[in-house]
Amino acid sequence: METTQPVPLWQVTGRFCAPLPEDWRNRLAARLGQRPRRIGILAELALYGALDCLSDAQEGALPGDAIVRVCSLRGAATAIGEVLAQNRQELPMPFSFLQSQTSQLLPALAAALKWQGDAAIVVTRDATGLAQLAAQQAGANGMLLGWVEELPCQSVWVRLVRSEAKVTGFVAAQDLTELVSPETRYWRSGRDGLEIACAIDTL
Amino acid sequence: MRPVYLQGRGLISALGGNLTQALATLAAGGVAPQRITLPGGTEWPCFTLPHTGQDWRERARQLACAAAAEAGLSGTGLADRRDIPLFIASSSLNIGAIEIEAHHRLGDSFHCADEVAAWLGWRGPVYIVSSACTSSLQALLAAVRLVGSGAADDAVVLGIELPNLFSISGFAAMQLLTPTRPRPLGAERDGIALGQAVAALHLSAQPARWRMRGGSNIVDGRDPTGAIPETVARMCERALADSGLQPSDIGLIKLQAAGSPANDANELEGMAAAFGTMPPLVTLKAALGHTLGASGAAEIALLTACLESGVWPRADYAHDPALRHQLASARPAAVRYVLADILGFGGGHAAVVIEDTRVGTE
Numbered sequence: 001m002e003t004t005q006p007v008p009l010w011q012v013t014g015r016f017c018a019p020l021p022e023d024w025r026n027r028l029a030a031r032l033g034q035r036p037r038r039i040g041i042l043a044e045l046a047l048y049g050a051l052d053c054l055s056d057a058q059e060g061a062l063p064g065d066a067i068v069r070v071c072s073l074r075g076a077a078t079a080i081g082e083v084l085a086q087n088r089q090e091l092p093m094p095f096s097f098l099q100s101q102t103s104q105l106l107p108a109l110a111a112a113l114k115w116q117g118d119a120a121i122v123v124t125r126d127a128t129g130l131a132q133l134a135a136q137q138a139g140a141n142g143m144l145l146g147w148v149e150e151l152p153c154q155s156v157w158v159r160l161v162r163s164e165a166k167v168t169g170f171v172a173a174q175d176l177t178e179l180v181s182p183e184t185r186y187w188r189s190g191r192d193g194l195e196i197a198c199a200i201d202t203l
Numbered sequence: 001m002r003p004v005y006l007q008g009r010g011l012i013s014a015l016g017g018n019l020t021q022a023l024a025t026l027a028a029g030g031v032a033p034q035r036i037t038l039p040g041g042t043e044w045p046c047f048t049l050p051h052t053g054q055d056w057r058e059r060a061r062q063l064a065c066a067a068a069a070e071a072g073l074s075g076t077g078l079a080d081r082r083d084i085p086l087f088i089a090s091s092s093l094n095i096g097a098i099e100i101e102a103h104h105r106l107g108d109s110f111h112c113a114d115e116v117a118a119w120l121g122w123r124g125p126v127y128i129v130s131s132a133c134t135s136s137l138q139a140l141l142a143a144v145r146l147v148g149s150g151a152a153d154d155a156v157v158l159g160i161e162l163p164n165l166f167s168i169s170g171f172a173a174m175q176l177l178t179p180t181r182p183r184p185l186g187a188e189r190d191g192i193a194l195g196q197a198v199a200a201l202h203l204s205a206q207p208a209r210w211r212m213r214g215g216s217n218i219v220d221g222r223d224p225t226g227a228i229p230e231t232v233a234r235m236c237e238r239a240l241a242d243s244g245l246q247p248s249d250i251g252l253i254k255l256q257a258a259g260s261p262a263n264d265a266n267e268l269e270g271m272a273a274a275f276g277t278m279p280p281l282v283t284l285k286a287a288l289g290h291t292l293g294a295s296g297a298a299e300i301a302l303l304t305a306c307l308e309s310g311v312w313p314r315a316d317y318a319h320d321p322a323l324r325h326q327l328a329s330a331r332p333a334a335v336r337y338v339l340a341d342i343l344g345f346g347g348g349h350a351a352v353v354i355e356d357t358r359v360g361t362e
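Top line first, the protein sequences correspond to chains F and P. The C-terminal residue of the first sequence carries number 203 in our numbering, and the numbering is unbroken. The C-terminal residue of the second sequence carries number 362 in our numbering, and the numbering is unbroken.
These aren't lab readings, by the way, just hints derived from the structure by calculation. Think of the CB as a built atom: it goes at the ideal place given N, C-alpha and C, for glycine as much as any other residue. Be aware that a few hints might be false.
Said to hold, decoys possible - Derived CB-CB ranges, DEER-like: (1) P:MET278 with F:GLN174: 44 to 54 Å; (2) P:ARG209 with F:ALA18: 45 to 55 Å; (3) P:THR357 with F:ARG191: 27 to 37 Å.
Said to hold, decoys possible - Listed next, the stretches of chain F that the computed footprint assigns to chain P, with coverage defined by at least 3 CB atoms under 8 Å from CB atoms of chain P: (4) 74 to 85; (5) 117 to 130.
As the list claims (entries may be wrong) - Just so you have them, the derived chain F footprint on chain P, three or more residues with Cβ under 8 Å: (6) 61 to 67; (7) 218 to 228; (8) 344 to 356.
Please model the complete structure; the sequences and the hints are all you need to start from.
This is the structure we're talking about:
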């Protein structure tokens with residue numbers, strides 16, 4: 001007889017989805033105590049949103065077994081363009097090349113979040129697909145997911161942990177806006193896709 | 001979690017157009033890297049794919065289709081099932097085409113995935129994993145979790161690292177390349193050589209010879225460009241724990257070892273801390289070059305083929321006695337569990353453990 005494992009439930013404990021203020025780089029520098037050094041604009045954007053998201057979750061550091069997944073459709077486009085231009089003449093600048101590697105935002109994040117663990121750049125246009133994939137890989141301490149773009153500037157983050165709450169009223173998630181909406185309090189992974197629910201706790 | 005197996009594999013690399021050719025080339029002593037000239041006039045070694053004279057995209061299409069076909073994913077087979085996830089793992093994606101096509105503007109990197117999916121006639125969900133050198137192993141771990149959890153019955157990892165000057169110039173600028181050829185763990189190792197490859201791994205719940213036991217992925221923010229010994233050790237410990245194994249169970253370690261003076265030493269220091277008594281060691285970087293985002297898939301494909309056939313990569317240079325460990329000169333006997341790691345840019349430390357189910361318990 002086939003046994004069915006309970007579907008893990010994820011509670012949204014923090015999010016950052018507000019438009020970025022004009023002076024977001026100054027605010028990031030103030031928060032870090034110094035301007036980030038040569039990590040590139042994409043990594044700075046990631047840091048800004050991830051740190052605010054973790055604050056919203058009232059966490060000073062990310063637990064070691066939480067996972068981090070970041071999606072960026074355009075990646076480090078500015079630095080890639082610079083390296084392509086430099087490369088037509090001679091060798092590119094080493095820091096330009098490092099900044100052109102989108103994955104360089106991961107060590108920057110790890111350092112800022114005082115964390116080391118399972119992090120990856122996973123790109124898909126379907127935000128619910130990324131969420132579903134991350135939910136398959138995350139453990140009890142959950143996940144921190146980010147969608148970061150340079151142009152136009154975007155840094156959207158959501159933090160989730162496993163929950164034992166009894167929740168009803170799940171509906172299929174449609175897009176990133178729904179995933180990170182303040183209305184959305186719970187996620188669960190279904191065979192046909194990610195489902196979300198509002199704050200309807202039942203005992 | 002249900003067991004997950006390697007159902008099919010394909011590899012196109014500097015060693016040849018498929019795994020059979022790769023083994024034959026390896027048995028004959030391998031290939032020397034080609035010389036690539038950059039716009040500034042400097043030359044660097046690179047393990048290149050065979051030239052066909054076609055334009056970049058047509059060549060890319062043929063390579064992707066050929067690797068998928070070798071892994072058993074062609075025609076009316078698995079590609080026609082709508083629910084199979086495809087993970088495209090790459091560092092450079094289609095930057096080679098962008099270099100050539102002057103009119104091409106940088107845009108949505110997922111166009112690359114759209115192209116590959118169209119070439120393969122793929123209709124399942126497609127993800128790009130682009131976490132530098134560890135991309136393929138990260139993709140493999142995600143695919144194994146999907147199949148193991150029952151969310152999918154099959155999944156495919158396609159590692160792609162195609163011709164481009166972007167990566168070579170970047171690594172040259174960072175002074176990470178050897179001017180001649182890579183000598184992993186060698187006394188005169190002086191840098192890595194990049195490589196090009198397309199590799200396909202088909203993961204399935206259907207039993208096959210190679211079982212994916214588990215793995216780990218750790219990003220360490222302390223060094224964005226290199227391996228850290230204690231993190232290498234932690235990567236091994238987590239991979240073994242995830243696999244339900246002890247260090248003494250491992251019969252072979254497939255190292256990252258690419259010929260870097262510092263990284264090779266850091267990797268061995270971490271491995272020694274995790275294993276104590278070190279199992280036999282192998283690296284495939286002197287044969288394939290460092291194929292960056294494709295390296296995890298390419299090296300799993302070649303490694304399993306080597307273990308099955310007995311063909312073994314040669315290290316015809318002096319080992320560094322300071323490292324205290326050497327590469328195995330021949331296939332170790334009756335290896336049941338293999339740990340394979342890839343270390344890379346972005347503080348990436350990733351490892352998988354695979355099991356040869358035909359090798360019995362003692």
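Status of each hint after checking the structure:
Checking the proposed 44 to 54 Å range against P:MET278 and F:GLN174 shows it holds: the Cβ atoms sit about 52 Å from each other. Taking 45 to 55 Å as the suggested C-beta distance range, the pair P:ARG209 and F:ALA18 conforms, at roughly 52 Å. A hinted range of 27 to 37 Å holds for the C-beta pair P:THR357 and F:ARG191, which are about 28 Å apart. Evaluation of the coverage hint for the segment 74 to 85 of chain F: fulfilled, as 7 residues show C-beta separations to chain P shorter than 8 Å, against a requirement of three.
Check on the segment 117 to 130 of chain F: 12 of its residues sit with their Cβ under 8 Å from a Cβ of chain P, so the three-residue criterion for coverage holds. Counting residues of the segment 61 to 67 of chain P whose CB falls under 8 Å from any CB of chain F gives 0; the rule of at least 3 is not met. Under a criterion of three residues with beta carbons nearer than 8 Å to beta carbons of chain F, the stated coverage of the segment 218 to 228 of chain P is upheld, 8 such residues being counted. Counting residues of the segment 344 to 356 of chain P whose CB lies closer than 8 Å to any CB of chain F gives 4, so the stated coverage by that chain holds, three being the minimum.
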